[in-house]
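J.: Now for the letters of each chain:
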Amino acid sequence: KNEVEQSPQNLTAQEGEFITINCSYSVGISALHWLQQHPGGGIVSLFMLSSGKKKHGRLIATINIQEKHSSLHITASHPRDSAVYICAVEETSGSRLTFGEGTQLTVNP
Amino acid sequence: NAGVMQNPRHLVRRRGQEARLRCSPMKGHSHVYWYRQLPEEGLKFMVYLQKENIIDESGMPKERFSAEFPKEGPSILRIQQVVRGDSAAYFCASSPHTGPGNTIYFGEGSWLTVV
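As they're listed, the protein sequences go chains A and B. When we follow the working numbering, the leftmost residue of the first sequence carries the number 1, and every step to the right adds one. When we follow the working numbering, the leftmost residue of the second sequence carries the number 1, and every step to the right adds one.
Next comes chain B alone, as it looks inside the complex (with noise of 0.2 angstroms):
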């Protein structure tokens, strides 16, 4: 039983590019977090999703970035024209359901650098 699958473990790109980061949750999971770590910085939540939909996208950054969950395959975050300050540590975590105390499962993070 995989954990968590994120994928690429690390990316590099140059200002202006585009990035797309990609999370597989657990089999059976059908809830998907996205959080961010700035260097020298802690987590913070992005986004929320169940399959094909966005529950909340409260911590996303207005502008450039979006994510989805589709039917089939796995969950994508995306950054169009990248900046430097995207530079960080992106984590994805998944749970079977939601309500309080679920254990939540965490991907080993993508780590995007832009150049």
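Here chain A stands alone, though its shape is the one from the complex (with noise of 0.2 angstroms):
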């Protein structure tokens, strides 16, 4: 089992539409990261959370600590929003991060 579990893989939707895409760990951090890849692109830096909730434009992100539980919303979804969104955890015991498998979005016009 990894330590870092993403759903769903992958996530098709409709322009305009609500998008929430989760991420659960089984080890103890101090940090949770969300990132974004484009294909054959590099990893831009989202969201980094260590409590309660954040927003930035149309995305939302937000964690429970006790739950060992991270989702990131997007709302009024855009086809350009179409990529991979990776969940990353610092674990409490270091700096390095590890990362779910990541989830594929696509958002059709």
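Incorrect hints may appear among the rest.
Pairs of lysine-lysine, DSS-like flavour, derived with a Cα cap of 30 angstroms [to be verified]:
1) A:54 to B:44
2) A:53 to B:44
3) A:68 to A:53
4) A:55 to A:68
5) A:55 to B:44
6) B:27 to A:54
7) B:51 to B:62
8) A:68 to A:54
9) B:27 to B:44
10) B:71 to B:51
11) B:44 to A:68
12) B:51 to B:27
13) B:71 to B:27
14) B:27 to A:55
15) B:62 to B:44
16) B:71 to B:44
Keep in mind the hints are simulated off the structure, nothing from the lab. No experiment lies behind these values; they were computed from the predicted model shown.
Hints given; two lone chains; assemble the complex.
T.: Printed below as a string of structure tokens:
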């Protein structure tokens, strides 16, 4: 079992839909990161969370430390949101990141 | 303020050759991480370095792979005698200091193809 599990693996939505991507982890963490990766492209850091909720534009990220669970929400989705979204945790034992397998999001016009 | 710079972006090597991947962290960042993304797989940690020191290399393959971050110049990930299984995207990330909750900045990645 991976230390970081994401669901769903693949997600297809229509433009305008509300999207949720989930992340569960099994280790003690100091922070959780949500990342975005476009095909053949680099990785962009979207959020870093250690508690509560953060919002940036149409993106919202929440974390529940007790339940070891985080969600990434996209409101009013757009085709340009199509990308792989990756959850990564910083374990309390060190600074390195442990990654989920990623969620491939496709938003159709 | 340039971001994390990686080069080359794409590198093709024949089996048995050496591959050198370079990473210049963001200005003011002294912590560098290397991650590998094999085809159709997730990202995996390889090594964590500070200037002139390897802090954690628990994700590095035991043979053929080495990394350095000298006092001057970029961090270098070196792969000797490459094999087809080394074909992957190699990402570098940097942060200004250690400790929980740092924002980590990623480079654009270096795509290695071994033919």
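J.: Which earlier hints can't be squared with this structure?
T.: Those not satisfied: there are none.
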